[in-house]
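**Q** For the record, the sequence lines run as chains A and B. Position 202 of the first sequence, counted from 1, bears residue number 202 in UniProt numbering, the numbering being contiguous throughout. Position 199 of the second sequence, counted from 1, bears residue number 199 in UniProt numbering, the numbering being contiguous throughout.
Since the hints were made in silico from the structure, they are not lab data. Keep in mind it's a predicted model, so treat the numbers as computed, not measured. We put the beta carbon where it would ideally sit given N, CA and C, even for glycine. One thing to keep in mind: the hints can contain errors.
What the hints assert, rightly or not - Calculated lysine-lysine pairs in the DSS-like style (CA-CA distance at most 30 Å, straight line):
{"hint": "1", "chain 1": "B", "residue 1": "LYS17", "chain 2": "A", "residue 2": "LYS2"}
{"hint": "2", "chain 1": "B", "residue 1": "LYS152", "chain 2": "B", "residue 2": "LYS63"}
{"hint": "3", "chain 1": "B", "residue 1": "LYS17", "chain 2": "B", "residue 2": "LYS178"}
{"hint": "4", "chain 1": "A", "residue 1": "LYS10", "chain 2": "B", "residue 2": "LYS128"}
{"hint": "5", "chain 1": "B", "residue 1": "LYS178", "chain 2": "A", "residue 2": "LYS53"}
{"hint": "6", "chain 1": "A", "residue 1": "LYS2", "chain 2": "B", "residue 2": "LYS178"}
{"hint": "7", "chain 1": "B", "residue 1": "LYS2", "chain 2": "B", "residue 2": "LYS152"}
{"hint": "8", "chain 1": "B", "residue 1": "LYS152", "chain 2": "B", "residue 2": "LYS128"}
{"hint": "9", "chain 1": "B", "residue 1": "LYS63", "chain 2": "A", "residue 2": "LYS53"}
{"hint": "10", "chain 1": "A", "residue 1": "LYS53", "chain 2": "A", "residue 2": "LYS128"}
{"hint": "11", "chain 1": "B", "residue 1": "LYS128", "chain 2": "B", "residue 2": "LYS2"}
{"hint": "12", "chain 1": "B", "residue 1": "LYS17", "chain 2": "B", "residue 2": "LYS2"}
{"hint": "13", "chain 1": "B", "residue 1": "LYS2", "chain 2": "B", "residue 2": "LYS63"}
{"hint": "14", "chain 1": "A", "residue 1": "LYS2", "chain 2": "B", "residue 2": "LYS63"}
{"hint": "15", "chain 1": "B", "residue 1": "LYS152", "chain 2": "A", "residue 2": "LYS10"}
{"hint": "16", "chain 1": "B", "residue 1": "LYS17", "chain 2": "B", "residue 2": "LYS63"}
Claimed, not checked - In silico contact screen, one side only, chain B against chain A (beta carbon under 10 Å); selected entries:
{"hint": "17", "residue": "VAL25"}
{"hint": "18", "residue": "CYS27"}
{"hint": "19", "residue": "LYS63"}
{"hint": "20", "residue": "ASP66"}
{"hint": "21", "residue": "MET67"}
{"hint": "22", "residue": "GLN70"}
{"hint": "23", "residue": "LEU74"}
{"hint": "24", "residue": "MET76"}
{"hint": "25", "residue": "ASN96"}
{"hint": "26", "residue": "LEU149"}
{"hint": "27", "residue": "ALA153"}
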Amino acid sequence: MKPSTFQGIKLVLRKELMTGLRFRAAWAAMLMFSFTSLVCISFALGGTSAEPKLFAALLWILLFFSSLAGSDRVFSDEEAEGTLMALRVYAPSQAVLFGKMLYEFFVLTVITVLLLPLFIVFLGVETKEILLLLCTVGAGLWGISAAGTLLSALIVGAGVRSGLFSVLMLPVILPVFLPAIRLTEAAFGGTVVSLSFFGGIVLYDMILSVAASILFDYLWYAE
Amino acid sequence: MKMIVFEEVDKSFGGRKVLRNLSAVCCGGQITSVVGPNGCGKSTFLKLAGHFMLPDSGRVTIKEEDMVLQGEELRMSLAYMSPELRFYPRLTALENLSFFLGLRGIALDGRQYEEVLERVGILPEAVKRTRVGEFSTGMRQRLLFCVMLASKADIWLLDEPGANLDDEGRAMVLREIKRGASEQKLILLATNDSRERGAADEAIDLSGN
Numbered sequence: 001m002k003p004s005t006f007q008g009i010k011l012v013l014r015k016e017l018m019t020g021l022r023f024r025a026a027w028a029a030m031l032m033f034s035f036t037s038l039v040c041i042s043f044a045l046g047g048t049s050a051e052p053k054l055f056a057a058l059l060w061i062l063l064f065f066s067s068l069a070g071s072d073r074v075f076s077d078e079e080a081e082g083t084l085m086a087l088r089v090y091a092p093s094q095a096v097l098f099g100k101m102l103y104e105f106f107v108l109t110v111i112t113v114l115l116l117p118l119f120i121v122f123l124g125v126e127t128k129e130i131l132l133l134l135c136t137v138g139a140g141l142w143g144i145s146a147a148g149t150l151l152s153a154l155i156v157g158a159g160v161r162s163g164l165f166s167v168l169m170l171p172v173i174l175p176v177f178l179p180a181i182r183l184t185e186a187a188f189g190g191t192v193v194s195l196s197f198f199g200g201i202v203l204y205d206m207i208l209s210v211a212a213s214i215l216f217d218y219l220w221y222a223e
Numbered sequence: 001m002k003m004i005v006f007e008e009v010d011k012s013f014g015g016r017k018v019l020r021n022l023s024a025v026c027c028g029g030q031i032t033s034v035v036g037p038n039g040c041g042k043s044t045f046l047k048l049a050g051h052f053m054l055p056d057s058g059r060v061t062i063k064e065e066d067m068v069l070q071g072e073e074l075r076m077s078l079a080y081m082s083p084e085l086r087f088y089p090r091l092t093a094l095e096n097l098s099f100f101l102g103l104r105g106i107a108l109d110g111r112q113y114e115e116v117l118e119r120v121g122i123l124p125e126a127v128k129r130t131r132v133g134e135f136s137t138g139m140r141q142r143l144l145f146c147v148m149l150a151s152k153a154d155i156w157l158l159d160e161p162g163a164n165l166d167d168e169g170r171a172m173v174l175r176e177i178k179r180g181a182s183e184q185k186l187i188l189l190a191t192n193d194s195r196e197r198g199a200a201d202e203a204i205d206l207s208g209n
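Next comes chain B alone, as it looks inside the complex:
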């Protein structure tokens, strides 16, 4: 089981301290929500958790049993979703899917594609010819989710995963994160959505930081 450990982490931007002496433990098989008002450091917390950013002081470690995961080994075991994440607008959705999954060594057959697309509510015909640049923001969000599900990552770092989605899309997000937790995935969920917060087993509140 994977575990993310924050030990006395500080992070500042332009002199403004966003995270102050933060310690936390997030475990696999649980949904941990990261909550707090805008600008409190939710996205920063997720980036630090994924080692996309280094803390100013303190330590963030990702462990599996007693082994610390780093570099490529760590990156290959995580998936990250954020409003700032984009797929290639000039490639079709299918080309994007094949590219990103191929980088993880995953090749899906036609039936597996249909299955994962159906889980996120995208029509298989839509991915074949439509370039991602022509997708609506909600469809792009679903496509990000689709790659994350198909990538078989053990750690999901989700920054506002329900943003830009309709009610059905938000329900899909809730359903899939619950399913992910039941499959022992470590799920970190930065959100201000009350339904998403309600689905969490644990919460890290950054309001006081």
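In isolation and in its complexed conformation, chain A is listed as follows:
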């Protein structure tokens, strides 16, 4: 009997949610980092008005480093607990990859939902294009989740540790960040921006997801 990939993804996502809710270390690390950083930035700026470009860059720096505080645990926690082998024995590759990717996206979305209003209030950012901001953040988080999940699997598969995740994550995610900062700047400042920036992010997200799907089979089945 073979479950459908959708059924497998649902099972992995549900398992991630249950274990995540019962062990909140990853959540706590990401939340603590993002809130502490936000408070620091807020104090540093001290209520002075800044360019939308600076606010946009600060927002994405916050989101990126918050994701770094938790994304590398996607597979390394499984390996540390010895459950990765059980998952390799019983779970189809695509179910694991996309189940974990969706969970990562969910966690980042929750953090962003908590962080973004505080960012806008604390820094006094005027948001003129809310829909553009939300779409940009959604597309950016998709890229971070896809890249984070794949890199976490690669790093565990290669048996290496110590900061390699952060080193690899930045160049992989840069094609998402640069247009995301440009779009976020436009959303804050109300300036006109070419929608090709958004198309570029979505296209790169899709390429990342498809590449992750193809590469992950090789990692999972060691063929």
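Chain A is fixed; fit chain B onto it per the hints.
**A** For chain B alone, coordinates are given in the frame of chain A:
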């Protein structure tokens, strides 16, 4: 009937050759024990057999009739037990069972759960509320066995399946592997236990490797 074929397989770790030019055939319906002293490569042999690890040279193929099984198709037809295998400690035993069996497309009803739990000597009440992290090592081992039995896998790769089990547990392991072989399952058994070795139809001795 499934068959695992090792052809001139070499495997090294950190320059130390664990398996050297190894050729072997394991067939369904038989219990094949893999024996030898600690560090001789028994666990490595099982991991290579399950394609959880690649050989440095040579080939390991799993066949059904003339068809070579690979990737997901292969993984879905095997079960693996080892002391390094763990279930999720923060999930209850029942949640673990449902999760791992669900990944194989298997949904058991209450009576089927009770039946398979009884076969491995776990009380049904124990799986409902107790998290696996609170289980003893022996109970965890029984739970691994339970998932393996319920998964309906055709290939069982068992690395020290009797480890951490009491006498009753070891008897259960022997009973179930004999039953598995009678159901034409391919059973590879890495063990140093004389009773488990005695139950095997064939033996692969890695002492000389």
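**Q** Go through the hint on ALA153(B) and say holds or violated, using the shortest Cβ distance to chain A against 10 Å.
**A** Check passed: Cβ of ALA153(B) comes within 9 Å of chain A, closer than 10 Å.
**Q** Hinted pair, alpha-carbon criterion (30 Å max): LYS152(B), LYS10(A). Please report holds or violated.
**A** 22 Å, holds
**Q** So, GLN70(B) near chain A? Judge it on the closest CB pair being under 10 Å.
**A** Holds, because the Cβ-Cβ distance from GLN70(B) to chain A comes to roughly 6 Å (cut-off 10 Å).
**Q** Hint check: LYS53(A) vs LYS128(A), CA-CA at most 30 Å. Holds or violated?
**A** Within the cut-off at roughly 14 Å; holds.
**Q** So, as I understand it, the hint says LYS63(B) touches chain A; can you test that by seeing if any CB pair is closer than 10 Å?
**A** 15 Å, violated
**Q** Should the interface hint for ASN96(B) be scored as holding, given a Cβ-Cβ cut-off of 10 Å against chain A?
**A** Holds, about 9 Å.
**Q** Does the alpha-carbon distance linking LYS178(B) and LYS53(A) stay inside the 30 Å limit?
**A** 70 Å, violated
**Q** Going straight from one Cα to the other, do LYS2(B) and LYS63(B) come out at no more than 30 Å?
**A** 6 Å, holds
**Q** Checking one constraint from the list: CA of LYS17(B) to CA of LYS63(B), max 30 Å. Satisfied?
**A** Holds, at about 27 Å.
**Q** Could you grab the alpha-carbon distance between LYS17(B) and LYS178(B) and see if it respects the 30 Å cut-off?
**A** 33 Å, violated
**Q** Can ASP66(B) be said to touch chain A, with a Cβ gap under 10 Å?
**A** 19 Å, violated
**Q** Does VAL25(B) meet its interface restraint, that is, does its C-beta lie within less than 10 Å of any C-beta in chain A?
**A** Interface hint status for VAL25(B): violated (21 Å vs cutoff 10 Å).
Consistency note: the structure conflicts with the earlier hints numbered 1, 3, 5, 9, 11, 17, 18, 19, 20, 21, 26.
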